[in-house]
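J.: Residue-level listing of the chains:
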Amino acid sequence: MSETSAWVIFIAAIFTNNILLTNFLGMCSFIACSGQIKTSLGLGTAVAFVMVMTTIINYAIYHLVLLKFGLVHLQFIVFIAVIAAFVQLVEMFVERFSPKLYFALGIFLPLITVNCAILGASLFMIIREYSFTQSVGFGLGAGIGWAVAILMLAGLRQKMRYSHVPKPFEGVPIAMIITGVLAMAFMGFAGMVSIQ
Amino acid sequence: MTDGNQMTCGICRPKGLCGGRGLVTLKEGAWANNPLAIQILGICSALAVTGRLENSLVMGAALIFVCVGSNLLVSLLRKYTPHRIRMVAEVAIIATFVILFDQFLKAFYWDMSKQLGPYVGLIITNCIVMGRAEAFALQNPPMLSIVDGLANGLGYAVVLAIIGFFRELLGSGEILGYKIPGFTEWYTPNQLMILAPGAFFALGIVIAIFNAIKGPDPEEKK
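Protein chains in written order, with this note's numbering: chain A, 2 to 197; chain B, 1228 to 1449.
Extracted from the complex, chain B is given alone in its bound form (with noise of 0.2 Å):
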């Protein structure tokens, strides 16, 4: 199965998951493995939505709700799901909790939907929900799943949450929208930081602070 994986997204390569159980795939997930500065997966929506930190924050929940909810059936349905259509019924079932949460923000909070635009779509063709369901619900019951899935995406979240306040912060001197009071005094918004270039700048400087904390992975040594 982790062979599999690596064909769909390259990099998608899940260390130590044998022995998974309750807490230790809460750690994994959220920490030692995480996906988004460990194993650099779903990076489109993290260097895209994080020029502030509101919209980071509601994509990190959109991304709890869908990884939870994708692994959830994904693994309850693992025993009836052909070995063969495997992945055509994920993306099935993972479209499905998009498509819910795409209305949800349509709904109730217009703007945000409106600011988000298509990357609340794009979560379908994120490979973070895409890889725990292939690498984990599709062996695992339905609990331990949700442990999986809850874990994955608060790894993603808190993630997103550092750069967009970061961004947030440096780019416009504000935070979630309010001015700091005599932060500007001192400090000149840097523009840049909400653009493009800030962003994979931000990225990079917090992936590489994650392999310094973690010193060398030996797996990669040759």
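Next up, chain A with everything else stripped away, as it sits in the complex (with noise of 0.2 Å):
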């Protein structure tokens, strides 16, 4: 994996491996906030920042920390603590700094620390060994591959309003499908470039 540089895993990241539509991660607050464009598109702001922020923090802490004291298996845990608390501090940071921000993003930012695609983000990392940079352009491209995915299916939610649902298919089921025919269409984009 060494070789791939960060600018490839950052384009495979949003593309060909998407963290949402590939590795299903996030699902939880895709299907419960794709309701509306603005909606997610705040929700989605928020989670690439987060998940940019905390690869970071726990790419520092896995290499400096735990791998030298031997502590492995306590990641789950570290990174979980780490997620939590960063979105704490910046819930706090945005509150105090600028008002209008977290009128705009608070409700989402208690969200993002049940958010699998934060946790799966840095396990994947781990998993499959990147250095810092290329952890950076993960974290980057999976967090704006996972906007991109919600901002898509709220827009097509939206249109699906006018449109006539089997009774059994409204509302979850048909916004499953709909995202099956999204990760179809996004299945085109494999070979262009390719991470593991």
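It is possible that part of the hints are untrue.
[Claimed, not checked] No farther apart than 30 Å at their CA atoms in a straight line, the calculated lysine-lysine pairs in the DSS-like style are these:
1) 168(A) to 1441(B)
2) 69(A) to 1254(B)
3) 39(A) to 160(A)
4) 160(A) to 1306(B)
5) 1306(B) to 69(A)
6) 1341(B) to 168(A)
7) 1406(B) to 1333(B)
8) 39(A) to 101(A)
9) 1441(B) to 1254(B)
10) 1254(B) to 1333(B)
11) 168(A) to 39(A)
12) 1341(B) to 1441(B)
[Said to hold, decoys possible] Over the 10 Å line for every Cβ pair with chain B, so calculated as not near, a few chain A residues:
13) 43
14) 71
15) 78
16) 81
17) 103
18) 128
19) 153
20) 168
21) 178
Hints in this document: simulated from the structure, not taken from any laboratory.
Even for Gly, the Cβ is constructed at its ideal location relative to N, Cα and C.
These two chains come separately, so use the hints to put the complex back together.
T.: Take a look at the structure:
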């Protein structure tokens, strides 16, 4: 993995290996918050930001602390604690310095702690043995990829309101089917660039 | 408590939990309020690991273990946990059980651990476990919480097994890795079912079937 450039990983994380459409991470909030474009834009931005920051922090902690002291089996609990603490910190910071942004993002920030895409990005980074620059590229790409996917679903669901959907498929099932079609479309990118 | 729960996940809304005792609790979790098909929780892993039936079964077992364990511990500690830090306490308890299961897999079933990859660790952020700890174990005695954890874990595991069964059958024409004699002679396995889109289609259809059997939800009719 070591020779792949961070740029390639960045592109791959958005298109060919989209964290949502190929790895199914962050589905809960993806389905719950994709009703409106405005909401999903707020959530997408927040996720992308938190994801890139927590990948960097977790990379540092994993390589500087956990590996050195042989505490690798504690990675889950350490990562989730870092993510929760970071989200809390961002929330306080934004509240103090930009109340306007706080009201725009405020409700989404606590949601992010339980977003599995964030923890998943950190775990993928460890499993695929990325270097530091690769991790930054991956975190940024995965975050943007997630935001792109939720925005597309929100746009499609807004249109869906005017369509006639069979009764049992209303709501979540049809959203799943749409996501499946989206995933198929994204499969068209396969082979453009490839990471493991 | 229900309101707080709604905040964390957006779709967690435990219906009619009030009179739950023993059998009722079991039925609630495993069928009427199935965490996966009715409440649409924890779908990330449901999509990711169901390409093969074997993986689905292991994942189901993992969730039953974690759910029962964390429900028991949260319930035992419920009178000593300060309300304000209960979330952190719950996450720490859940993470402990997930680490236990992960270490177990790594020690005895290395191949399986490799295949499931990050999804074992992601049980921590699986809303089902957190949702049950928050909505049930915090208010109920230990024994009942075990039943509730078991019921919800089972409900999840069964749906996972159903999806895994059909995806493996249609995607590779095998069950648990064994070829079915004569099946592939008239059916050409459709690779799409193993890939990502197949997962979305399969789960969408399963939820739709559950909806159709259950009939319209009176709460959602506006």
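J.: Which constraints among the numbered hints does this structure fail? Numbers only, ascending.
T.: The structure breaks hints 2, 4, 5, 6, 10, 12, 15, 16, 18, 20 and 21; every other hint is satisfied.
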